[in-house]
Amino acid sequence: MDNATLIGLYRDMWLIRAFEQGLEREFEKGNVPGMLHTGLGQEAVQAALAWHLKATDAFFPDHRCHGINALAQHRHRGDGERVMAELFGRSTGVCSGKGGSLHSADPRVGNFGDNAVEGSYMATVLGVALAAKLRSQPNVACAIIGDGTVGRGEFHESLNMAAIWDLPVLYACVNNGYAISMPVGDGHASADIVDMVQGYGFESRQLDGNDIIEAWTGVKEAVEHIRSGAGPYFLEFKTWRWQGIFAGEFRPEAEVKYWKEERDPIMLAGEALAGRGMDQAKLDAIEQETTDLIEEWIAFAKDSPEPDPAKATANVYVGWEVASR
Amino acid sequence: MTAADTAAPKREARTPRKARDRVRKVAFTRALNDALNLAMAKHDEMFVIGEDIAEMGGDFGVTKGLLAKYGPERVRDTPLSEAAIIGTCAGAAMVGMRPVAEIMFADFIAECYDQVVNNVAKMHYMFDGQFKAPLVIRTACGGGFGGGPHHSQSVEGWFLNVPGIVIVAPSNPVDAKGLLLASIDSDDPVLFLEHKALYRSRAEVPPEYYTTPLGQAAIAREGSDVTVVAAMRMVPMALEAAEEAADAGVSVEVVDLRTIRPYDAETVLASAAKTGRVVVANEAPKIGGLGAELSARISEECFSDLKGPVVRVDGLDTPIPFSVPLEDVVLPDAQDIGAAVSTAAQY
Ligand SMILES: Cc1ncc(C[n+]2csc(CCOP(=O)(O)OP(=O)(O)O)c2C)c(N)n1
Ligand SMILES: [Mg+2]
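The listed protein sequences correspond, in order, to chains A and B.
Position one of the first sequence corresponds to residue -14 (the numbering used here), numbered consecutively onward.
Position one of the second sequence corresponds to residue 12 (the numbering used here), numbered consecutively onward.
Hints in this document: simulated from the structure, not taken from any laboratory.
Be aware that a few hints might be false.
Going by beta-carbon spacing under 8 angstroms, a handful of chain B positions derived as facing chain A [to be verified]:
{"hint": "1", "residue": "D125"}
{"hint": "2", "residue": "N130"}
{"hint": "3", "residue": "Y136"}
{"hint": "4", "residue": "Q141"}
{"hint": "5", "residue": "G175"}
{"hint": "6", "residue": "A307"}
{"hint": "7", "residue": "S310"}
Mimicking EDC-like on lysine to aspartate or glutamate, the simulated pairs with C-alpha atoms at most 20 angstroms apart in a straight line are [to be verified]:
{"hint": "8", "chain 1": "A", "residue 1": "K296", "chain 2": "A", "residue 2": "E306"}
{"hint": "9", "chain 1": "B", "residue 1": "K285", "chain 2": "B", "residue 2": "E233"}
{"hint": "10", "chain 1": "B", "residue 1": "K36", "chain 2": "B", "residue 2": "E215"}
{"hint": "11", "chain 1": "A", "residue 1": "K287", "chain 2": "A", "residue 2": "E9"}
{"hint": "12", "chain 1": "A", "residue 1": "K267", "chain 2": "A", "residue 2": "E9"}
{"hint": "13", "chain 1": "B", "residue 1": "K75", "chain 2": "B", "residue 2": "D63"}
{"hint": "14", "chain 1": "A", "residue 1": "K39", "chain 2": "A", "residue 2": "E256"}
{"hint": "15", "chain 1": "A", "residue 1": "K39", "chain 2": "A", "residue 2": "E209"}
{"hint": "16", "chain 1": "B", "residue 1": "K143", "chain 2": "A", "residue 2": "E306"}
{"hint": "17", "chain 1": "A", "residue 1": "K118", "chain 2": "B", "residue 2": "E84"}
{"hint": "18", "chain 1": "B", "residue 1": "K80", "chain 2": "B", "residue 2": "D70"}
{"hint": "19", "chain 1": "A", "residue 1": "K118", "chain 2": "B", "residue 2": "E338"}
{"hint": "20", "chain 1": "A", "residue 1": "K118", "chain 2": "B", "residue 2": "D88"}
{"hint": "21", "chain 1": "A", "residue 1": "K287", "chain 2": "A", "residue 2": "D269"}
{"hint": "22", "chain 1": "A", "residue 1": "K118", "chain 2": "B", "residue 2": "D55"}
Only a predicted model underlies this, so the values are computations on that prediction, with no experimental measurement involved.
For glycine and all other residues, C-beta sits at the position ideal for the given N, C-alpha and C.
Chain A extracted, bound-state conformation (with noise of 0.2 angstroms):
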């Protein structure tokens, strides 16, 4: 990978921590509605997935995924604060505060959408595929999943389906450890998910999620196979989540130093580049830069209007109207 790559990872992967700890702060104080999840400590995973997606491509974010939505808006249409405002519910979000955090999506960036019934779009995901295959277009859709959704029905239905029609899809499944509190070896027959992929028969890949060139470059290898006609591709980020549960910290205390200490994936490619002569100075101006970028789209989240009463009734169907209150 060369420096300039590795440099703007880094910055896409301060732009997604700098936004989920601004979000977080203001969840906090009370500011944005609903649940909140974060992908703190998973940024290299998106980061290499915002990186190598296009926006004619689909993806299928999951609960976490904050960060690749914002990244894509960022990248491909300049307004990432739009992503912010429906997190906060705003009229100016890209869906104009109906879907907030866990319905988030913009077509025109790729994002399809995530669906806050876990893994659902596994079943999805085959039909923007098939839809790209069937116009011999040579587009990637890909579900981004955690390690939980592979106990659904769905999981299997899909994989199962993309292998018997060789479709596009690429399978992005964060291992974090852990599906809210169950172990991910205690809730599936094995803690390594490409274990139980093999026998669908198509590539699958277990990567380190912690280390953006390695993601970087698992995905670009997927991404490449998928483009080339050659089916689907499995791959398996290996990493952690910051987040607890709602309840606080379960996890031992030697595990959440060890991940945030040792393995934190910013840090690691701080020394990555450290290693390659970058001076701390230009490193330090990419993490103020993003936090100044990430406070501008808080500040227009929070001055946007609420969305008007009256649009509650919109969009239920495109042929008819539904009666207000």
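Based on the hints, put chain B with the ligands in the right spot on chain A.
Showing chain B with the ligands alone in chain A's frame:
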């Protein structure tokens, strides 16, 4: 007041006038097959998908011949993966295709209920219009043939409480064809219910392309004393009961809903207000179903016009038993509707 049932269709009716001149008697299944054929020719980006629908033509033969004509890319067999079938349709619809799924028996929709309820039905709303879901889910529903608990259910009630879905429910071959073509044209997701007991019914069906508007009920028989509101198989039963009532001097109006959601409240309420005596007939269990909704709505909005309470005819509050004499007890029939009409006529 609930939202969807007050909805008014934006589209205008198109009546197949010229078509009426050249007619033939064809079965309900054949009328549906005709519709699929015509729609495949009209929409390049339409495909049909389901279990055993390609070479075999589906359990009921509705997709027969499509594979030979349109090829395996557009006529797709799947494994037993109901969620993946609907997911595939939803995803393809998100990027502008027009898929038609067959779920072999409506009972199996439980396998893809999440896809329909949480994804397909909500997609246009939760992403605020950025995606449409112009897909059709065809499925064989209803009892009366000894299908037992998992092949006989009337599932419309499962979806009545789901904003965003359109439920279409034809009672005869002519409507079946026109409604299916309209459903495929629709930019909203349609659950298209095909009552198995109607599959063999025959009628003169215009051979060419025509659509029957969604969201519009039909007056299947005009009358002045009692209104019977029905859908699917309850319609021919209501017509039979109406015939018998006529012999007894009671004039029955039969309203065929045709679309169950959003339903044509205007026609239903106008008929109820006109006769002042109403029977609602529904094959599914009584509690929380279509009959409950219609009865509540009519009572709410036509109270001063009603001469007595709405009389409900429903299935019993049981699963559908296998043995035919047991099933006969559980499912309502023309006699039950007739008895309800007599009760209402006394008001
Ligand atoms: C079908 C379904 N079941 C349960 C939930 C509740 N739920 C939300 S997140 C979650 C755990 C998901 O774990 P994982 O996929 O590993 O993602 P992580 O939060 O670890 O990133 C659960 C059970 C849900 N949203 N959807
Ligand atoms: Mg997890």
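Checked hints:
With a least beta-carbon distance of about 6 angstroms to chain A, the hint placing D125 (chain B) at the interface is held under the 8 angstroms criterion. Restraint check, N130 (chain B) versus chain A: the minimum CB separation of about 6 angstroms is within 8 angstroms; hint holds. At its closest, the beta carbon of Y136 (chain B) sits 5 angstroms from a beta carbon of chain A; the interface hint therefore holds under the 8 angstroms criterion. Because the closest C-beta pair between Q141 (chain B) and chain A is about 6 angstroms apart, less than 8 angstroms, the hint holds.
The interface hint given for G175 (chain B) holds, since its Cβ lies 6 angstroms from the closest Cβ of chain A, which is under the 8 angstroms cut-off. For the restraint placing A307 (chain B) at the interface with chain A, the shortest Cβ-Cβ distance is roughly 16 angstroms, beyond the 8 angstroms limit, so the hint is violated. Contact between S310 (chain B) and chain A, as hinted, is not supported at the beta carbon level, the nearest pair being about 19 angstroms apart and thus beyond 8 angstroms. For the hint pairing K296 (chain A) with E306 (chain A), the CA-to-CA distance comes to about 11 angstroms; that is within 20 angstroms, so the pair holds.
Our distance criterion of 20 angstroms between C-alpha atoms is met by K285 (chain B) and E233 (chain B), whose separation comes to about 11 angstroms. The suggested pairing of K36 (chain B) with E215 (chain B) holds, with an alpha-carbon distance near 4 angstroms, which does not exceed 20 angstroms. For the given pair, K287 (chain A) sits about 14 angstroms from E9 (chain A) by alpha-carbon distance, which is consistent with the 20 angstroms threshold. Proposed proximity of K267 (chain A) and E9 (chain A) is contradicted: the alpha carbons are some 26 angstroms apart, above 20 angstroms.
Taking the CA atoms of K75 (chain B) and D63 (chain B), the gap is about 10 angstroms. The hint holds against a cut of 20 angstroms. The hinted pair formed by K39 (chain A) and E256 (chain A) fails the criterion: a straight-line CA distance of about 29 angstroms is larger than 20 angstroms. Distance hint between K39 (chain A) and E209 (chain A) is fulfilled; the C-alpha atoms sit about 12 angstroms from each other, no more than 20 angstroms. With a C-alpha separation of about 15 angstroms, the suggested pair K143 (chain B) and E306 (chain A) falls inside the 20 angstroms cut-off, and the hint holds.
Between K118 (chain A) and E84 (chain B), the direct Cα distance comes to roughly 10 angstroms. Compliance with the 20 angstroms bound is thereby established for this hinted pair. With a C-alpha separation of about 19 angstroms, the suggested pairing of K80 (chain B) with D70 (chain B) holds against the 20 angstroms cut-off. With a C-alpha separation of about 47 angstroms, the suggested pair K118 (chain A) and E338 (chain B) falls outside the 20 angstroms cut-off, and the hint is violated. For the hint linking K118 (chain A) to D88 (chain B), the alpha-carbon distance of about 16 angstroms falls within 20 angstroms, and the restraint holds.
Our distance criterion of 20 angstroms between C-alpha atoms is broken by K287 (chain A) and D269 (chain A), whose separation comes to about 27 angstroms. Taking the CA atoms of K118 (chain A) and D55 (chain B), the gap is about 15 angstroms. The hint holds against a cut of 20 angstroms.
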